[in-house]
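Visitor: In case you want the letters, here they are:
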Amino acid sequence: MEDPRGEGAEGGGDAIVALALTRQFRRQLAVDHVSFRVARGRFFGFLGPNGAGKSTTIRMLTGLLRPSSGDAVIEGARLSGDLTHLKRRIGVLLEELPLYERLTGEEHLLFAARMHGLAAPEARRRTQELLEFLSLADERGKLVVDYSQGMRKKLALACALVHGPSVLFLDEPLNGIDPVSGRVVMDLLRRLTARGVTLFFTSHVLDVVERLCDEVAVIDRGRIVAQGTLAEIRAQRERASDASLEDVFLKLVAADVTREDLSWIG
Amino acid sequence: MDRLIALVGLRFRLEARAMLGSRGRALGLVFALPFLALFSAAASLGAFALVRVVARTEPGLLLPALSAIFTFLGLSFVLAPLVAGVSATESHDLSRLVAYPVPLATLVASSLVANLVQPSVLALVPPLVALAFALGGPRWPLLLPALGLGLLLTIASAQTVGIALHALSRRRRLHDRVLFAGIGVGLLLSLVPVLMLSRGGAAARRALVALVERDIFALSPFGWSARAAVHAGRGDFAPFLGWSAAVLVTTAAALGLSAAIAGRLYRGELDSGEAPARAARARIRLPGAIGALVEKDLRVAWRDPRLKAVTLSGVIGPLLLLFVLGQGSAGGVGPVQLVLVAGMAGVGVIGSNALALERDGLGLLLGFPINRLALVTGKSIAVVVLRAPALVALSVAALLFAGPVTAIAIACVVLVTQVIACAADSYLQILFPVPVPAAGRDPNAPISGSRGLGAAAISLLTMAVTLVAAAPFAFLAWLPEPLGQRWLFVGTLPLALAGACAVYFMAASGAARLLLRREPELIARLRGEE
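Protein sequence lines correspond, in order, to chains X and B.
Under my numbering, the first residue of the first sequence carries the number 1224, and numbering increases by one thereafter.
Under my numbering, the first residue of the second sequence carries the number 450, and numbering increases by one thereafter.
Treat the hints with caution; some may be incorrect.
Simulated restraints on C-beta separations [stated by the list, open to error]:
#	chain 1	residue 1	chain 2	residue 2	range
1	B	Asp451	X	Ala1458	55 to 61 Å
2	X	Glu1355	B	Leu928	57 to 63 Å
3	B	Arg452	X	His1427	32 to 38 Å
4	B	Leu459	X	Met1409	38 to 44 Å
Bear in mind the hints are in silico, worked out from the structure with no lab data behind them.
Cβ atoms here follow ideal geometry from the backbone N, Cα and C, with glycine treated the same way.
Using the sequences and the hints given, assemble the complete structure.
Guide: Rendered as structure tokens:
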């Protein structure tokens, strides 16, 4: 039987182990005893409706929000331990895109690289490469405040990638990105997992999740309601083997999508 | 008309909810209302008495003097967002409303109506009634509409400036430059009373009187309503109607201009923000993570007009204090005044709120695996560098008043106090950060959870503790001066600096450990989640 406290996980093959993570905001229980494991090199999809607790879980797992209770182990580093050690190994793309608006895109990326301890020539090389890769090279001299939402997203993604993390937490990484860049990013993410990088990924675009993720967990009202490969979840929920992730998801979160027509239409 | 009422109602509902949702804002209003009532009563009394005295003693001066006063009031309303960073008027968030089939003129008019019934504007009505009564006696009801038109013009013009600034904000760098220049003008204007009262103020006073006597303010539309009222009071109805019509036309023009700017703004015709044509490759020149952090902070501060203004106003503060102390002392500026001001300039570091000024970037900064002592030190270095203009200004003042050796000693006293103050401030910014609105949002919007009066008290306490802690090092740095043994500076200055740095690193290590423990709480607090 699996050790419920996750003891010994630090040396195991899991990149992420969440141990009864809980977060309460005033009277609202945002995340309620969430536990899961993500093996190294997996593309892990974390799904849920709006307000289910996805972003809160990511912020806890990346040390940016203290859990009310519970713990997690990321690449052998405990959340309750030295966070600096943890932050060396992870890259984070948060939904709210924390960026310095009065730096140019290029300055921003260079700064992120230097703060991750990269030497100046290497920081410059990676910055140029990432700007070209994400089609931001022409906008490198523009202040971040003047960037569009999609450009900000790409810059934040570049900041998360610049130091070569072994675990990437991506909260809605494809939102607002144009289709060309979206394809480039998806291909890159696939190549990263092939090289052993673990991806923790949230998205509302379920067909993208279905195409990319090896494994998913579904959170609803702060609780994990299903976890496993898509085939396992289909089997758990007695859905046909060709049922789409959307069907399974709607069933899992017990969503009622039937509505009366609007009175003045049709 | 229905849409106009709905829009004004919407604005009131939003304001009421913002007020009820923020204890600080509600408390601010409760405190502000008695002051507004007091101001209104005092202004009414003052206006009445002034007009009666001038009408009796210098009747020829009444017209130009009132034009000048109305011009000054009008300009202060209109330029308030630029020179003080606060706006007396507010427009609807037009970006959310332009999708509806409502004419832009209706949107602009609804903002005007809503602005007219704000407490700060309503407080101006009693002084206008008093003025009408003083000018017209029993004819005062005739004068009141003319004066009211002046108020309408002022508010409409302020709205136009607000929307023009908003349009300008599409070109971020230009907008920042204008805002910075405006804050500079505001700072200079705030110094005018001090200069007028000082020894050199006679010439400035003569120049102002000459301008008023030549009736130069007759050219200002803000003074036209006062001219109409004065003529009505004297029974000259033709000029009364003429000036009133002029104000009415100008008000309509201001509203038309607002609608036209809004129309172009929201159809994207004023949109810009393109990258500069000749963007050089970016570089971070300072070495290491601390260097990168310091350079980032300096660049961000230089590009944020408000932060830049705060930095440069740090030069004015100590020099002004020196000026005031010099005025009050028979012998002018001496070593004692210089040391006092140096100490005060040093503790000016407290309240830098440097972590909160990261705004949304704090989550990113604390996500970097940089040693927290390095982070705290980098922030402190940036704060000291940003206040370097004050140090240079005081050193130059000391050089002029007391010679080069004293100037070096004064610079050392400033630096020693700044270093200790940085250590103390590190605790303050971790334990009591003040949330800062995101860049581009209203920087003066009250944010729930800000420190308020309690925090101000803690800042004062921290300043006192800093002064006590820095006193031995400042004393050591300054000791050769009273001893008359200036050659001793060779030893005392490095010793004082080394001692202050040692204290800094002891205190900053504690602050770094505290930061490491409290990072999630700090982020949650600045995001308003706690």
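Visitor: Compare the structure with each hint and give your call.
Guide: Now for the hints, and whether the structure bears them out:
One distance hint, 55 to 61 Å for the beta-carbon pair Asp451 of chain B and Ala1458 of chain X, holds here, with the actual separation near 59 Å. With their beta carbons about 60 Å apart, Glu1355 of chain X and Leu928 of chain B fall inside the hinted range of 57 to 63 Å. Checked against the hint of 32 to 38 Å, the C-beta distance between Arg452 of chain B and His1427 of chain X comes to roughly 36 Å, which is consistent with it. Roughly 43 Å separates the CB atoms of Leu459 of chain B and Met1409 of chain X, a value that falls within the hinted 38 to 44 Å.
Every hint, counting from the list given before, is met by this structure.
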